[in-house]
Amino acid sequence: MKILRRLVSKKKKRYEDPENGFDLDLAYITPNIIAMGYPSPDFEKIYRNPMSEVQRFLETRHKDKYKLWNLCAERSYDKTCFHGRVEDRFQFYDHEAPKFEILIPFCKSVHEWLSQDPGNVAVIHCKAGKGRTGVCISCYLYYSQFLPTAKECLDYYARARTKNHKGVTIPSQRRYVYYLEKACLENASRAKRSIGIVETTSSDSIQSNNEDSVAASSLKKTHSGGLSRTNESTSTITELAMTEKKEPPIPTSLSFISIFDQLGDSDILFPNSNPSLILQSLTLSPAPVVAGYINMEVLDSNFSVLYDHKSTERNGITYKTTDSSVQFKCNVPVNGDFKIVVKKKKRGKFVKFFHFWVNTLFVEQNSDSDLYSVTLEKSELDKLYRDTKHKKLPEGCKIIATFSRASNE
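In this text, residue positions in the sequence shown follow the UniProt record's numbering: the first is 1, and each later residue adds one.
You may find that some hints are simply not true.
[As the list claims (entries may be wrong)] Derived DSS-like pairs (lysine-lysine); straight-line CA-CA distance at most 30 angstroms: (1) Lys108 to Lys182; (2) Lys166 to Lys344; (3) Lys389 to Lys163; (4) Lys166 to Lys391; (5) Lys99 to Lys392; (6) Lys345 to Lys389; (7) Lys151 to Lys182.
Rather than coming from a laboratory, the hints here were simulated on the basis of the structure.
Required output: the full structure, derived from the provided sequences and hints.
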């Protein structure tokens, strides 16, 4: 069974402690944050983490000081298996982006637990313990200013969780980590203006003078609590968490943590304060490599269909490879998180070609018109980001979604 579990783990790092008999799909991202695969109580324990072994590990290494965050929307387990210390309010589906509205509450939830005791550990998992887990951990690393930019947090997570440094790879999932960064910076900027703090340095992160470093100091204590156990077995804490551990930037006196602690969720500002938009069109430029029929759907955050182009043209749009572009005209209202799915006809059926998630709060207005737009490269499209040999979309192809403001805004 160990061989099978290692095959399923692929390039993810595993926690190995032969002395105590532990071999789990699990890694310490920091001394206080663990990423792991799903604790399986049933037949899946043959190739995933057995529930009993996860229980034994946590009781042995972190007795009474651990709490789990189950991010799987598609499955759950009895919370009493972990003494009721399981949080399941922040779930989303495999290979999808989270609802943006859960990310800051998730960060608050993790920070509240870690702040209660320097020895507390947050154990975060989805099914495989990589993509969804990485989104949420990267968001928390940025929110807590463990590292100063979203990209650094994503890169750090990738190194800590995987052998090949491929952590969060799905473009829409990565996009939402950058959305969190934008929201944090927007609200930090507003808070600084409202209390008159003068920005001093750094274009990559919000920094200010040291009039009030309470939040940063508190965070430093929270993270460094785990580092006090350096006399433990080297298998307990990953080498990366020990050697690349970064403290929060001390000059950041006005931390995101203190800002969001004072804001209700309805008070948070975003780059676009008008979330209701009309998706006017979606343009692929140039056309896909192989000629055929193409269709488009728009789904809301609950996967309900807002628009299906087949209702207008049964066979979708016909295009040739020489076409400079393919355009769908939609005129569909969107608000908050939504998903665009583009399908191609194959053997008489439309199958998914690519898709992506966007949140209207982060759709910015064009500088030269009243319209709004989102432009994505092929590398930013789910499913097609691996098309590096350009067999499906030409090199340099762009996807442009154009919006107008909803009339009631």
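Comparing the hints with the structure gives:
1. Restraint check for Lys108 and Lys182: the C-alpha separation of about 17 angstroms stays at or below 30 angstroms, so the hint holds.
2. Annotation: proposed proximity of Lys166 to Lys344 holds, straight-line Cα distance about 28 angstroms (limit 30 angstroms).
3. About 24 angstroms separates the Cα atoms of Lys389 and Lys163, which keeps this hinted pair within 30 angstroms; it holds.
4. Taking the CA atoms of Lys166 and Lys391, the gap is near 23 angstroms; set against the 30 angstroms cutoff, the hint holds.
5. As the CA atoms of Lys99 and Lys392 are separated by approximately 29 angstroms, the hinted pair is consistent with the 30 angstroms bound.
6. For a cut-off of 30 angstroms, the pair hint linking Lys345 to Lys389 stands: about 21 angstroms separates their Cα positions.
7. Taking the CA atoms of Lys151 and Lys182, the gap is near 12 angstroms; set against the 30 angstroms cutoff, the hint holds.
Consistency with the previously given hints is maintained throughout, with no hint failing.
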